[in-house]
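Peer 1: Using the sequences plus the hints, can you model the full thing?
Spelled out, the chains give:
There are 4 protein chains.
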Amino acid sequence: MTQPGYLTRKEDHLVRLRRIEGQVRGLQRMIDEERYCVDVLTQVASVTKALQGVAMGLLDEHLRHCVADAVRTDEDADAKLSEALGAVERLLRT
Amino acid sequence: MTQPGYLTRKEDHLVRLRRIEGQVRGLQRMIDEERYCVDVLTQVASVTKALQGVAMGLLDEHLRHCVADAVRTDEDADAKLSEALGAVERLLRT
Amino acid sequence: MTQPGYLTRKEDHLVRLRRIEGQVRGLQRMIDEERYCVDVLTQVASVTKALQGVAMGLLDEHLRHCVADAVRTDEDADAKLSEALGAVERLLRT
Amino acid sequence: MTQPGYLTRKEDHLVRLRRIEGQVRGLQRMIDEERYCVDVLTQVASVTKALQGVAMGLLDEHLRHCVADAVRTDEDADAKLSEALGAVERLLRT
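Protein chains in written order, with numbering that gives the first Met the number 0: chain S, 0 to 93; chain B, 0 to 93; chain G, 0 to 93; chain R, 0 to 93.
No lab work stands behind these hints, which were simulated from the structure alone.
Be aware that a few hints might be false.
Stated by the list, open to error - Stretch by stretch, here's where chain S covers chain B in the computed footprint (C-beta under 8 Å, at least three residues):
no., region
1, 20–34
2, 37–46
3, 51–62
4, 69–76
5, 83–93
Unchecked claim - Derived DSS-like pairs: lysine-lysine, alpha-carbon spacing no greater than 25 Å straight-line:
no., chain 1, residue 1, chain 2, residue 2
6, S, 48, G, 48
7, R, 48, S, 48
8, S, 79, S, 9
9, B, 79, G, 9
10, G, 79, B, 79
11, B, 48, R, 48
12, G, 9, R, 79
13, S, 9, R, 79
14, B, 48, G, 48
15, R, 79, S, 79
16, B, 9, S, 48
17, B, 48, S, 48
18, S, 79, R, 9
19, G, 9, R, 9
20, G, 79, B, 9
21, G, 48, R, 9
Because the structure is a prediction, the values reported are computed rather than measured.
Ideal placement from N, C-alpha and C gives every residue a C-beta, glycine not left out.
Peer 2: As structure tokens, then:
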């Protein structure tokens, strides 16, 4: 079983996700302090953008490692490509 | 100064955001346990969708309260509408 | 029966849509001439952005006219707001 | 110089794009006939979704052909992957 491609940047992903967790807690504080709706919405858009950054980073490594390895060794290449395209489609649909 | 429109559903927003915070921590755990990239990506798409649900809920109340009040009293109606449209645009661009 | 809010900028919308029609024909030409896939994808993203511009323009006028009128006269205000929010949600989901 | 990967489904893409062109002309007719704003917005969302379908089809073939070939022959593999990821990012940002 191969290791996930993102291992090379594992710590980088964790740092980004901890920051996003902090931003989501910040959103709760904004709601709790009854901050202006539009400011909360701006902050929601910013957290969404940060999550998409994480997704792009994961996809980058997934294509460069898991998918590229499958193509090179010609093992499951088609299935891996379909799976990666499915992941892109789910990201696009949100 | 009027209160934010989302006060009527404040607890509902907080519940959703706490669940999203839990999902973001779940993402960290997935990365930490070196789970399969595509499964992590699927979960990122799901958190993004949950955040958009919060955004739609906030926008709903903002239009029904702050913006509708501004229109009814004809105070700042144009500015409030422009501001709300700006918020929609920022959500669309992510 | 009120007229659609976008009448004030009807010609502007038609100009944008004619340009988008030209861009879609340009995409057909690119495929026909077997242009490089990534260049076609870049152009698809640009047409999508142009369509979102049309959507934002229509939504702007819809909120400022149809929805604001409904709120002011208190006729169907809630239904109009729900309908507009549904339209925003459909745009977000694409 | 390799041929674009989408050649295998060239006619399929052209058929979809001609249908999208027809939908964009339909949008012009809706504006011209002063149809209800929300109905126009619903149709804009539908055209956007159709364009994303074309994008996903092109990306699918690009990854399976151009990018997979580059990986297999180890020629420009990294550059091709970066380029494809850039295309995904542009689609996500719209």
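Peer 1: Run every hint past the structure and note whether it holds.
Peer 2: Going through the hints against the structure:
no.	hint	verdict
1	20–34	holds (count 9)
2	37–46	holds (count 7)
3	51–62	holds (count 7)
4	69–76	violated (count 0)
5	83–93	holds (count 7)
6	S:48 to G:48	holds, 17 Å
7	R:48 to S:48	holds, 21 Å
8	S:79 to S:9	holds, 21 Å
9	B:79 to G:9	holds, 24 Å
10	G:79 to B:79	holds, 17 Å
11	B:48 to R:48	holds, 17 Å
12	G:9 to R:79	violated, 43 Å
13	S:9 to R:79	holds, 24 Å
14	B:48 to G:48	holds, 21 Å
15	R:79 to S:79	holds, 17 Å
16	B:9 to S:48	holds, 24 Å
17	B:48 to S:48	holds, 12 Å
18	S:79 to R:9	holds, 24 Å
19	G:9 to R:9	violated, 36 Å
20	G:79 to B:9	holds, 24 Å
21	G:48 to R:9	holds, 24 Å
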